[in-house]
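Q: Just so you know, the protein sequences line up as chains A, B and C, in that order.
Just so we're aligned: the first sequence equals residues 1 to 357 in our numbering.
Just so we're aligned: the second sequence equals residues 1 to 357 in our numbering.
Just so we're aligned: the third sequence equals residues 1 to 357 in our numbering.
One or more of the hints may lead you astray.
Subject to a maximum C-alpha distance of 27 Å in a straight line, what follows is the list of computed DSSO-like cross-link-like pairs (lysine-lysine) [stated by the list, open to error]:
#1 C/K202 x C/K171
#2 B/K242 x A/K87
#3 C/K251 x A/K251
I should point out that these hints are in silico values taken from the structure, not numbers from a laboratory.
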Amino acid sequence: MTPRHVIDLNQLSKEQWMGLLKLAHDIKKHPSRYDQACRGRILATLFFEPSTRTQMSFQTAMLRLGGRIIGFDNPENSSVSKGESLKDTVRVVSGYADLIAMRHPMSGAPKAASLYSCVPIINAGDGGHLHPTQTLTDLFTLYEETGRLDHLCIGCCGDLMYGRTVHSLIKAMSRFEGNSFVLISTPQLGVPQYIKDRLEEKNIPYQEVNTLEEAIPMLDVLYMTRIQQERFASEEEYMSQKGVYVLDGEKLKLAKSSLKILHPLPRVDEITYEVDDDPRAVYFEQTEYGMYARMALMMTLMEQHGERCLEPVPASTHDVHCTNPACITSREHYLPHLFEQKGNQLVCRFCDEPVQE
Amino acid sequence: MTPRHVIDLNQLSKEQWMGLLKLAHDIKKHPSRYDQACRGRILATLFFEPSTRTQMSFQTAMLRLGGRIIGFDNPENSSVSKGESLKDTVRVVSGYADLIAMRHPMSGAPKAASLYSCVPIINAGDGGHLHPTQTLTDLFTLYEETGRLDHLCIGCCGDLMYGRTVHSLIKAMSRFEGNSFVLISTPQLGVPQYIKDRLEEKNIPYQEVNTLEEAIPMLDVLYMTRIQQERFASEEEYMSQKGVYVLDGEKLKLAKSSLKILHPLPRVDEITYEVDDDPRAVYFEQTEYGMYARMALMMTLMEQHGERCLEPVPASTHDVHCTNPACITSREHYLPHLFEQKGNQLVCRFCDEPVQE
Amino acid sequence: MTPRHVIDLNQLSKEQWMGLLKLAHDIKKHPSRYDQACRGRILATLFFEPSTRTQMSFQTAMLRLGGRIIGFDNPENSSVSKGESLKDTVRVVSGYADLIAMRHPMSGAPKAASLYSCVPIINAGDGGHLHPTQTLTDLFTLYEETGRLDHLCIGCCGDLMYGRTVHSLIKAMSRFEGNSFVLISTPQLGVPQYIKDRLEEKNIPYQEVNTLEEAIPMLDVLYMTRIQQERFASEEEYMSQKGVYVLDGEKLKLAKSSLKILHPLPRVDEITYEVDDDPRAVYFEQTEYGMYARMALMMTLMEQHGERCLEPVPASTHDVHCTNPACITSREHYLPHLFEQKGNQLVCRFCDEPVQE
């Protein structure tokens, strides 16, 4: 049984992931078998910050399952922004809808919402924190395009320091056997130490390189992301380095013919347009895979958790406050204080950040 | 037969109200019997000011009856705001849709729209004037939660001077036998004299009190609303008084165990979060009841007035102009001048305000 | 077979037009026969500038064919505006939807989109360039209201210099036998010379007049549009002239009883409200005809081009750049350079403007 609310993809077991991927595969192959699977169900997309692409993907997925959609994409123009608490919004909307997909600029907001919702909540991105359906999309793309999720040499290129989708992908693919990673970035924008620690702990091979060119010949998968100009150490470094992390036809000549190129989109200029026509580019297909992945997830939640119920809100575990200003608890003060002791740190269960002394 | 357009709930007889409440009850109990009741019908939600909650309630209600939805929530960003008259907007949209729910910041706008629409118009709130589906929601909540609409002692707390929903509720509940009212407010924000006159005329018992604490033990129903800070006489008065009109666990100890607490939402801080978990708090259920009430209303209108027709616009009754600057007639000059003589006053049929000499 | 993408109504033959009009007529007469014609299909309305009326017309049309809708109306508030190319947006959305209706402020944007879409694109208005479904609406209105498209004396009144809908209507009606035109405008705002050349070439009778009053007695059809104040030569000229191009009850007395008055809407003050009640006014009916015309078009596209496919992007035909700053090629630099030699001019295939030396 999948969890009632999907906040973090790591709440699910590898077996549950595989179940979702197999279901997504079957939906893609036989869409008409599923076109009434969510008949009579209503999805509410509560987007507290706009993300047109993600919202459309959820909406299309629900419509293709025979369900219906309500929601907002623009709280600035809505009464929701006028001082109402997240709790009240969620209590009310969960009285209308059967399922909620929530996007929010603050870490932990969907987790907070799940405490007060009588229907399942899917995290559709909470600031720089988590975006589980993007990761599920990436997994399904690899599964469909390479036929497996193990024994892959996976390159991750771009801003690996702040790139939420890259961190989640590395964590997810670390759970499958035989995978290795090539981390392609500037020295300043490498993956955080805690991710490297985890890879080492699990004896998963990885290397860090500074150019796309040296990495590309080894790769089965290249996951491209953007480096924003302001992340470079200086204007000069940006000017001298920027081409190094741009994928173009020239660099692609060095790659295996079986390479698969992914990108969470939107791209800006980190992949040139000529690459789009290369059969190894699968980033547009990836968004379509995302729709099937979301169909599988929503259908599963509706089957397993289609009955409304409101669970008791857990009591505060500690007296402290989360110190992360991007955490939803810094704004919504009625939330219980939920922390977990990890080693000698108290970690906030909403934003997953340790409490600073 | 209900009126073709539902602008003011008082257009309906008590029997028609009861018919709607009984239908709403049956829909709530047997939703699947009604899930095709508006099949093929299209509801247009024309929200000339945003009200996310009300719009979602209408949309969900139509979807759960098997119908479809179009509309806008944000005329600032729409071509509708670019100088087009209300008449033209309504003529065009009523060519697309089968039913229109209209929200507008000006009093009388839905009434004005009804003159030019070939499909039924439901007033979804017109400025500080009327909001009939909120009142229907309140009635249905009382009907479901207390099992009756008569012989209730009803407390109304907050800004009773300007509170549109409270005025409508008092008027509506005055039509049932044996009800009494406790009006809880500051001296400056008491109910308008004309409402007290009406209660006295009908020999309906009421009392005015200045604290929630003295009122609460008598009540079967407590209808909470907000007092905005700027409505208090002074900053000092606000600071000294504000707690008096806040419902918290402490005050709730004085209440009957059978009390029902309603609130039109959104709340700000006039009910503390601890009250939410008390079984007497029914304000979140109230929003769900609102969805069923709107289903019953829309289904009834579509059954009785499903054929398109455009009635002749009535001729002006008088030469005068309405003097209320918040009245829709102050902006849309092609509207006929419709007034009714009440005693020695001429009352505008759009905004219900008397003409000032 | 109609073209896969409908960018310009002139891509279709007269026979194809008649096929669409006959289908629209049958849908209007027997709507229930078509209410499942697009079952399971999803229309995406991509409105890069707001046009509430047109968007609602497309949405209603798809819903009345049993299909579903997604889309946006407000790119300012959406992630789509954040630097993403039109190509990427279209590649992604065409992975979700079965049909796209696109509105864009730049000429040629829907043509550009069609190069990268795996589903049909309908141009829902591209700046001052084309608006084929408006023209189809106008044709269907004439067909229904006069019973024919030939042997009509058609008056066009207003800003004929910049009026996109008028140009398209003249071109379209020139393809039918026996039509003649009366062009009613100020000397400065007459139809462009190239249109007069074309009429003369085809021996189609036309005359230019400066007042609505002298024209109106001859007309079978009067197509009204607006002259914006800033288009007059001076403030004085505006003040002295403005009434000349306003249709009111007085001028209407000079008209045939069989006259049909059209207007693309929204109107501002170029038709007085008293005219609305005259049976010769069909501009509100016209918007309803527009819904049927769009139903016929979308249903036909889904029948003939319902399979997804991505055709190869054509190679650049010339080395030059389009010089029109309103052309989509001035913003989206990856587009191929497509031109056609017409006489001694190179004409851009996106915006239809000749290259300036």
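Q: For every hint, state whether the structure bears it out.
A: Here's how the hints hold up against the structure:
1. Restraint check for C/K202 and C/K171: satisfied, since their Cα atoms lie roughly 11 Å apart, inside the 27 Å limit.
2. Distance check on the hinted pair: B/K242 and A/K87 sit about 23 Å apart at the alpha-carbon level, within 27 Å; holds.
3. Proximity of C/K251 to A/K251 is assessed by CA-CA distance (about 72 Å); at most 27 Å being required, the pair is judged violated.
Taken one by one, the earlier hints fail for this structure only at number 3.
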